[in-house]
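Trainee: Here are the chains, one letter per residue:
There are 2 protein chains.
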Amino acid sequence: MRGTDHRSRITRLLIRRALTELLRQKPLQSITVKELCEVAGINRGTFYAHYIDLYALREEMEGEMLQDFQQALSPLLEEEQPDERTPLKITAGIFQCLKDNAEVCTMTLGPYGDKAFAAKLINIGREKCVDSYRRYFTNASRKQLEYYYAFVSAGCIGLLEKWLSEGMTSSAEEVAEIAQGIMMSGVGFLGQAKGAERSGDREDA
Amino acid sequence: MRGTDHRSRITRLLIRRALTELLRQKPLQSITVKELCEVAGINRGTFYAHYIDLYALREEMEGEMLQDFQQALSPLLEEEQPDERTPLKITAGIFQCLKDNAEVCTMTLGPYGDKAFAAKLINIGREKCVDSYRRYFTNASRKQLEYYYAFVSAGCIGLLEKWLSEGMTSSAEEVAEIAQGIMMSGVGFLGQAKGAERSGDREDA
DNA sequence: AAGGATAAACAACAGGGTGTTCATTTTTAG
DNA sequence: CTAAAAATGAACACCCTGTTGTTTATCCTT
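Which chain is which? The protein sequence lines are A and B, in order. Okay, so the first sequence: first residue is 1 according to the numbering used here, each after it adds one. Okay, so the second sequence: first residue is 1 according to the numbering used here, each after it adds one.
If you are wondering where the hints come from, they were derived from the structure by calculation, not from laboratory data. Everything numeric in this text was worked out from a predicted model, so none of it was measured. It is possible that part of the hints are untrue.
One copy or two, either will do: identical chains are not told apart, so a pair holds if it fits within one copy or between any two.
To be verified - For lysine to aspartate or glutamate, the following DMTMM-like pairs were computed, each having C-alpha atoms within a straight-line distance of at most 25 Å: (1) Lys-162 x Asp-131; (2) Lys-143 x Glu-173; (3) Lys-89 x Glu-60; (4) Lys-143 x Glu-103; (5) Lys-143 x Asp-100; (6) Lys-128 x Glu-166; (7) Lys-120 x Asp-68; (8) Lys-99 x Glu-174; (9) Lys-143 x Glu-35; (10) Lys-34 x Glu-177.
Construct the entire structure; sequences and hints are all you get.
Mentor: Here it is in structure tokens:
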């Protein structure tokens, strides 16, 4: 990588914006360096002065998103104020962080996103969550805990994709409540089933 | 596509096997026609005699998997024997079908799989499921139903990926029970939480 | 079994993207 | 203002692509 020159920073910004733009339309593998440089309005040689290839570029951007993500999460996961961090607040914090990084989310988790990155995201939370489950559900088998995590982590990303596809019009809290509700109660989240109906108090609009 | 000649069928078999083989190692976009032909042991020109490009090849294979899938599902979804098709049996049938098509599943849903195909799979069940939900959960909003489906369909695919990564050692029924359990009860699937413990009857080994 | 038809193998081609190098111009920083 | 750093444009050999034309092998029919 080149230095912290004013021009260097601008060039890298142009490159990143071009990639974000192009990843809205097609997968990385269908994007050529030449194409990206035309969109960015820079010389092709200049690209190679900054990055080895398109994959290195995406990796850098994903890495920064990952840092943001972990940083935004750390206060929520700290041991110091266990009274403050209710499950819902943690979930809401996660979705808020995702909303703040909407562009990168689209890039990495949208239709032309990077499956490997999604897997990485999931893995970050895995141990912590499974350990946490294990403390509360002492009778569940390790296998059950792992499968539960596999399901709900993928489910959350599916939810996020849906949210993205709708332009993230709902608030982070709202989506977090949905995720929370499903993870906690399954279909129970949808309210009383027909036939077992009662004077319903539910949480929809 | 060429005719049904004996040689043609063998050639196509070789091509398909080569693609399946290569997709274990890298995404389609990183595979060249040249490479595939070397693996398949055929001439590069011969490939173009059968397929337009690698994407057409994959599409054909995915299409066949999709047909298998819908065919395996149709008896489960028919209206004729509604007493036979309990939710668990349907779910088990789905996972059994996925297990029968393990190779294609790895190809399309594994680490180097095709996000678009997963999305297509999800969309197939969407309307049917949401309509079905709507009948049972008359008080839930459309948005809740859609978000619930987005979550659990993605969750099921996440579960499938986990299952695949473990070589599908568990039975289809077992995985179906897990999926069913989570979808129905959320964390409740994991048994009684600590603090609210009672003489537990759970379903693990 | 012979012969016409079909498909595969082979070779050659232009076209386009890659990654690198070099000389040149522009911009930044001291 | 000057020297260093960065961007540019052009050129390059390389590899993959997709196509075409020719030759060889295999098939199906008679």
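Trainee: Should Lys-143 paired with Asp-100 be assigned to within, between, both, or neither, using CA atoms and 25 Å as the limit?
Mentor: Between copies, since 22 Å is at most 25 Å while 34 Å is not.
Trainee: Are the CA atoms of Lys-162 and Asp-131 at most 25 Å apart within a copy, between copies, both, or neither?
Mentor: Classified as between: cross-chain Cα gap 18 Å, same-chain 29 Å, threshold 25 Å.
Trainee: Have a look at Lys-128 and Glu-166 and pick one of within, between, both or neither, based on CA distance no larger than 25 Å.
Mentor: Intra 30 Å, inter 21 Å, cutoff 25 Å: inter-copy only.
Trainee: I want to check one pair: Lys-89 and Glu-60. Are their C-alpha atoms no more than 25 Å apart within a copy, between two copies, both, or neither?
Mentor: Result: close neither inside a copy nor across copies, 29 Å intra and 46 Å inter.
Trainee: Quick one: Lys-99 to Glu-174, C-alpha cut-off 25 Å, is that within a copy, between copies, both, or neither?
Mentor: within (12 Å within a copy, 36 Å between copies)
Trainee: Between Lys-143 and Glu-103, at a C-alpha cutoff of 25 Å, which is it: within one copy, between copies, both, or neither?
Mentor: Between copies, since 24 Å is at most 25 Å while 35 Å is not.
Trainee: If the cutoff is 25 Å on CA atoms, where do Lys-34 and Glu-177 land: within, between, both or neither? Let me know, please.
Mentor: Close neither inside one copy (44 Å) nor across copies (50 Å); limit 25 Å.
Trainee: If the cutoff is 25 Å on CA atoms, where do Lys-143 and Glu-35 land: within, between, both or neither? Let me know, please.
Mentor: Answer is neither; intra-copy 46 Å and inter-copy 39 Å both fail.
Trainee: How would you classify Lys-120 and Asp-68 at a CA-CA limit of 25 Å: within, between, both, or neither?
Mentor: within (14 Å within a copy, 32 Å between copies)
Trainee: If the cutoff is 25 Å on CA atoms, where do Lys-143 and Glu-173 land: within, between, both or neither? Let me know, please.
Mentor: Close across copies (15 Å), not inside one copy (31 Å); limit 25 Å.
Checked against the numbered hints given earlier, the structure breaks hints 3, 9, 10 and satisfies all the rest.
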